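Visitor: Here is how the chains run, residue by residue.
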Amino acid sequence: AQSVTQPDIHITVSEGASLELRCNYSYGATPYLFWYVQSPGQGLQLLLKYFSGDTLVQGIKGFEAEFKRSQSSFNLRKPSVHWSDAAEYFCAVGAPYNTDKLIFGTGTRLQVFP
Amino acid sequence: DGGITQSPKYLFRKEGQNVTLSCEQNLNHDAMYWYRQDPGQGLRLIYYSQIVNDFQKGDIAEGYSVSREKKESFPLTVTSAQKNPTAFYLCASSMGQDSNQPQHFGDGTRLSIL
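Residue numbers (the working numbering), protein chains in the order written: chain A, 1 to 114; chain B, 115 to 228.
Source of the hints: derived by calculation from the structure; they are not laboratory data.
Mixed in with the good hints, there may be bad ones.
[Unchecked claim] As a list, the in silico DSS-like pairs of lysine-lysine whose alpha-carbon atoms are at most 30 Å apart:
id, chain 1, residue 1, chain 2, residue 2
1, B, Lys-171, B, Lys-128
2, B, Lys-184, B, Lys-197
3, B, Lys-171, B, Lys-197
4, A, Lys-49, A, Lys-101
5, B, Lys-123, A, Lys-68
6, B, Lys-128, A, Lys-61
7, B, Lys-128, B, Lys-184
8, A, Lys-49, A, Lys-61
9, B, Lys-123, A, Lys-101
10, A, Lys-61, A, Lys-101
11, B, Lys-185, B, Lys-123
12, B, Lys-171, B, Lys-123
13, B, Lys-123, B, Lys-197
14, B, Lys-197, B, Lys-128
15, A, Lys-49, B, Lys-197
16, B, Lys-184, B, Lys-123
17, A, Lys-49, B, Lys-128
18, B, Lys-123, A, Lys-61
19, B, Lys-184, A, Lys-68
20, A, Lys-101, B, Lys-184
21, B, Lys-171, B, Lys-185
22, A, Lys-101, A, Lys-68
23, A, Lys-49, A, Lys-68
24, B, Lys-184, B, Lys-171
25, A, Lys-61, B, Lys-171
As the structure is a computational prediction, the values presented were derived from the model and not from experiment.
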């Protein structure tokens with residue numbers, strides 16, 4: 001069964017600094033991988049997804065993520081954080097062509113200081 | 115605009131009362147899902163439905179019930195058997211199995227006990 005771990009519960013960065021949020025997964029083959037963002041009191045918005053092919057995927061709002069099979073990781077990055085990026089970020093893993101059973105990580109809360 | 119509408123945004127339940135959360139989508143998606151979100155625990159799947167008149171239990175179905183009489187609608191009932199219902203409830207939809215399309219989320223319903 002697949003699982004996903006987000007080791008950092010809470011991260012604080014200064015505006016303009018770079019950001020990397022960690023995500024590690026456990027799955028027997030190459031899974032489908034997703035990053036979602038959630039603002040307070042809102043639903044989840046998809047930032048980006050990886051299914052196959054190029055291991056560096058670009059998403060919305062200037063985010064990117066890199067799939068590293070050897071490390072079972074799918075870390076989210078942004079070169080320069082804006083105050084509006086403050087939110088909670090969730091990594092999710094699913095089996096290929098069976099995204100009914102997504103497994104979500106426990107989330108990383110990002111705080112941005114001016 | 116296509117999307118998922120959850121109502122109400124806030125809901126209060128008295129002891130021994132059943133309450134129903136509404137979820138409607140106009141994305142023409144086959145699959146719909148209900149998640150429960152508690153602080154520090156990420157999202158946990160309650161029920162999901164891949165097609166009209168059919169649904170499956172997720173990881174935490176006890177104390178909840180659903181119906182799927184129409185493709186667009188997937189209401190969730192929190193029954194009196196659910197002893198700890200206070201949480202944020204998220205509805206999602208997707209193209210379903212055999213699809214590489216991600217899940218799309220509504221803005222959630224926050225349920226509290228009176």
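Visitor: Now tell me if each hint is right for this structure.
Guide: Tested hints:
At roughly 25 Å between alpha-carbon atoms, Lys-171(B) and Lys-128(B) fall within 30 Å of each other, so this suggested pair holds. Of the pairs offered as hints, the one joining Lys-184(B) and Lys-197(B) holds, with about 29 Å between alpha carbons and a cut-off of 30 Å not exceeded. Taking the CA atoms of Lys-171(B) and Lys-197(B), the gap is about 18 Å. The hint holds against a cut of 30 Å. Of the pairs offered as hints, the one joining Lys-49(A) and Lys-101(A) holds, with about 15 Å between alpha carbons and a cut-off of 30 Å not exceeded.
Distance hint between Lys-123(B) and Lys-68(A) is unfulfilled; the C-alpha atoms sit about 39 Å from each other, more than 30 Å. Between the alpha carbons of Lys-128(B) and Lys-61(A) the distance comes to roughly 41 Å, so the proposed pair goes past 30 Å and is violated. At roughly 29 Å between alpha-carbon atoms, Lys-128(B) and Lys-184(B) fall within 30 Å of each other, so this suggested pair holds. Simply put, Lys-49(A) and Lys-61(A) have alpha-carbon atoms about 14 Å apart, close enough for the 30 Å limit, and the pair holds.
For the given pair, Lys-123(B) sits about 25 Å from Lys-101(A) by alpha-carbon distance, which is consistent with the 30 Å threshold. Simply put, Lys-61(A) and Lys-101(A) have alpha-carbon atoms about 26 Å apart, close enough for the 30 Å limit, and the pair holds. Using a Cα cut-off of 30 Å, the hinted pair Lys-185(B) and Lys-123(B) holds, with the two alpha carbons roughly 22 Å apart. A threshold of 30 Å between alpha carbons decides the hint, and for Lys-171(B) with Lys-123(B) the separation of about 24 Å falls inside it, so the pair holds.
At roughly 21 Å between alpha-carbon atoms, Lys-123(B) and Lys-197(B) fall within 30 Å of each other, so this suggested pair holds. Annotation: proposed proximity of Lys-197(B) to Lys-128(B) holds, straight-line Cα distance about 11 Å (limit 30 Å). Under the criterion of a C-alpha separation no larger than 30 Å, the hint pairing Lys-49(A) with Lys-197(B) is inconsistent with the structure, at around 36 Å. Proposed proximity of Lys-184(B) and Lys-123(B) is supported: the alpha carbons are some 22 Å apart, at most 30 Å.
A hinted pair counts as satisfied when its Cα atoms are at most 30 Å apart, and Lys-49(A) with Lys-128(B) does not qualify at roughly 41 Å. With a C-alpha separation of about 26 Å, the suggested pairing of Lys-123(B) with Lys-61(A) holds against the 30 Å cut-off. Pair hint Lys-184(B) plus Lys-68(A) does not hold up; C-alpha atoms about 41 Å apart against a cutoff of 30 Å. Restraint check for Lys-101(A) and Lys-184(B): the C-alpha separation of about 22 Å stays at or below 30 Å, so the hint holds.
For the proposed pair Lys-171(B) and Lys-185(B), the alpha carbon gap of about 18 Å is at most 30 Å, so the pair holds. About 22 Å separates the Cα atoms of Lys-101(A) and Lys-68(A), which keeps this hinted pair within 30 Å; it holds. Taken as a hint, the Lys-49(A) and Lys-68(A) pair is honoured in the structure, with Cα atoms around 14 Å apart against an allowance of 30 Å. At roughly 18 Å between alpha-carbon atoms, Lys-184(B) and Lys-171(B) fall within 30 Å of each other, so this suggested pair holds.
With a CA separation close to 35 Å, the supplied pair Lys-61(A) and Lys-171(B) exceeds the 30 Å bound.
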